[in-house]
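Undergrad: Sequence:
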Amino acid sequence: MVVNPSSGAQPQIMDPVRQLRTALPEAEGVLYEQGAGPLPQVLVDAAGEAAARGGVQGVCGGDGTINTAVGPALKFGVPLMVLPGGTFNHFAADLGVETVADACAALAVRTAVRADVGRVKTLRPREGSPASGAEPAYFLNTFSLGVYPELVRLRERWSPRIGGPPATLLGVVHILRTARPLRAAVNGRRHSMWLLFAGNSAYRSMGVAPVRRHDLADGLLDVRIAHGGPFARTRLLATALAGVFAKTRLYAAARPTRLLISDLPLDAHLAFDGEVVPAPSALLPLRPSARHGDEGCCDVPRR
Numbered sequence: 348m349v350v351n352p353s354s355g356a357q358p359q360i361m362d363p364v365r366q367l368r369t370a371l372p373e374a375e376g377v378l379y380e381q382g383a384g385p386l387p388q389v390l391v392d393a394a395g396e397a398a399a400r401g402g403v404q405g406v407c408g409g410d411g412t413i414n415t416a417v418g419p420a421l422k423f424g425v426p427l428m429v430l431p432g433g434t435f436n437h438f439a440a441d442l443g444v445e446t447v448a449d450a451c452a453a454l455a456v457r458t459a460v461r462a463d464v465g466r467v468k469t470l471r472p473r474e475g476s477p478a479s480g481a482e483p484a485y486f487l488n489t490f491s492l493g494v495y496p497e498l499v500r501l502r503e504r505w506s507p508r509i510g511g512p513p514a515t516l517l518g519v520v521h522i523l524r525t526a527r528p529l530r531a532a533v534n535g536r537r538h539s540m541w542l543l544f545a546g547n548s549a550y551r552s553m554g555v556a557p558v559r560r561h562d563l564a565d566g567l568l569d570v571r572i573a574h575g576g577p578f579a580r581t582r583l584l585a586t587a588l589a590g591v592f593a594k595t596r597l598y599a600a601a602r603p604t605r606l607l608i609s610d611l612p613l614d615a616h617l618a619f620d621g622e623v624v625p626a627p628s629a630l631l632p633l634r635p636s637a638r639h640g641d642e643g644c645c646d647v648p649r650r
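Throughout, this note's numbering is defined as the position within the sequence shown, counted from one, plus 347.
Some hints could be false.
With beta-carbon atoms standing in for the labels, derived distance ranges [what the hints assert, rightly or not]: (1) Arg605 x Val520: 29 to 35 Å; (2) Arg605 x Gly510: 32 to 38 Å; (3) Glu373 x Gly576: 56 to 62 Å; (4) Arg602 x Pro512: 22 to 28 Å; (5) Ala398 x Ala455: 20 to 26 Å; (6) Ala370 x Arg596: 50 to 56 Å; (7) Arg596 x Thr458: 43 to 49 Å; (8) Arg368 x Arg605: 40 to 46 Å; (9) His561 x Arg524: 31 to 37 Å; (10) Ala374 x Arg524: 48 to 54 Å.
The set of hints was computed from the structure by calculation and includes no laboratory data.
All C-beta atoms in this analysis are idealised placements derived from N, C-alpha and C, irrespective of residue type, glycine included.
All chains, full assembly: derive it from the sequences and hints.
TA: Written out as structure tokens, the structure reads:
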């Protein structure tokens, strides 16, 4: 069990280490600290130990920490126990795991689900970009380019005060006033776009910022694109105010098996599960597979 206390958990939440020691007294816990070495290596060691003992790899942290644990869990073929302990816990919420106690209860009755893992293969890497051509980067929630990472950040900041839909709307208004669209090629065709979003499995809502999923193993890559172009800023803002993103020509949605993105500018960034990194020149998001035994799936306890 690896607990990352730097994930940004709210101070009023009960200490997760104390909760785990009470609920799972036989679990071997590791409280990750910066001096313990790189977090990815700590998680690799924990997954290897779990595999050797025939156990489960537990991780307590936010979406970024859980994302880092996916690769080791897949490598060693161990179930991944997700405990919400960060600022953003979207994957845990889609599992129905709102608290550490929820995760422990699911483990106690051996309840688990199979969850898809989205993959992104870097074709032409740059310094600081994720993954080489041989090793894919993974995402459990979303992969995104353009203004989407900033939109999510604003929505998360404002939604506790005004609610999710109004926060999304205000975020769109703010971004469209200050940002510029991204120019890149999608499947060989050049596009100007405000954002490109790819979800790991289909999301419920059809807006620009989807929030929840019914099925975490449907094998789908849920792609949304908000296009740029002449007067696009004004028209996109108007459709945001009307709440009809899915019905405008500026907004496209598809569920392809893969998506080739190339000719990305040098200053482009992308986000995996909320973690922002420099973008490579070209990359290939791949649809996950829900087939049993596929490396694109992992088992996770579910409430």
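Undergrad: Confirm or reject each hint.
TA: Hint by hint, here is what the structure shows:
no.	hint	in the structure
1	Arg605 x Val520: 29 to 35 Å	holds, 33 Å
2	Arg605 x Gly510: 32 to 38 Å	holds, 36 Å
3	Glu373 x Gly576: 56 to 62 Å	holds, 59 Å
4	Arg602 x Pro512: 22 to 28 Å	holds, 24 Å
5	Ala398 x Ala455: 20 to 26 Å	holds, 21 Å
6	Ala370 x Arg596: 50 to 56 Å	holds, 52 Å
7	Arg596 x Thr458: 43 to 49 Å	holds, 44 Å
8	Arg368 x Arg605: 40 to 46 Å	holds, 44 Å
9	His561 x Arg524: 31 to 37 Å	holds, 34 Å
10	Ala374 x Arg524: 48 to 54 Å	holds, 49 Å
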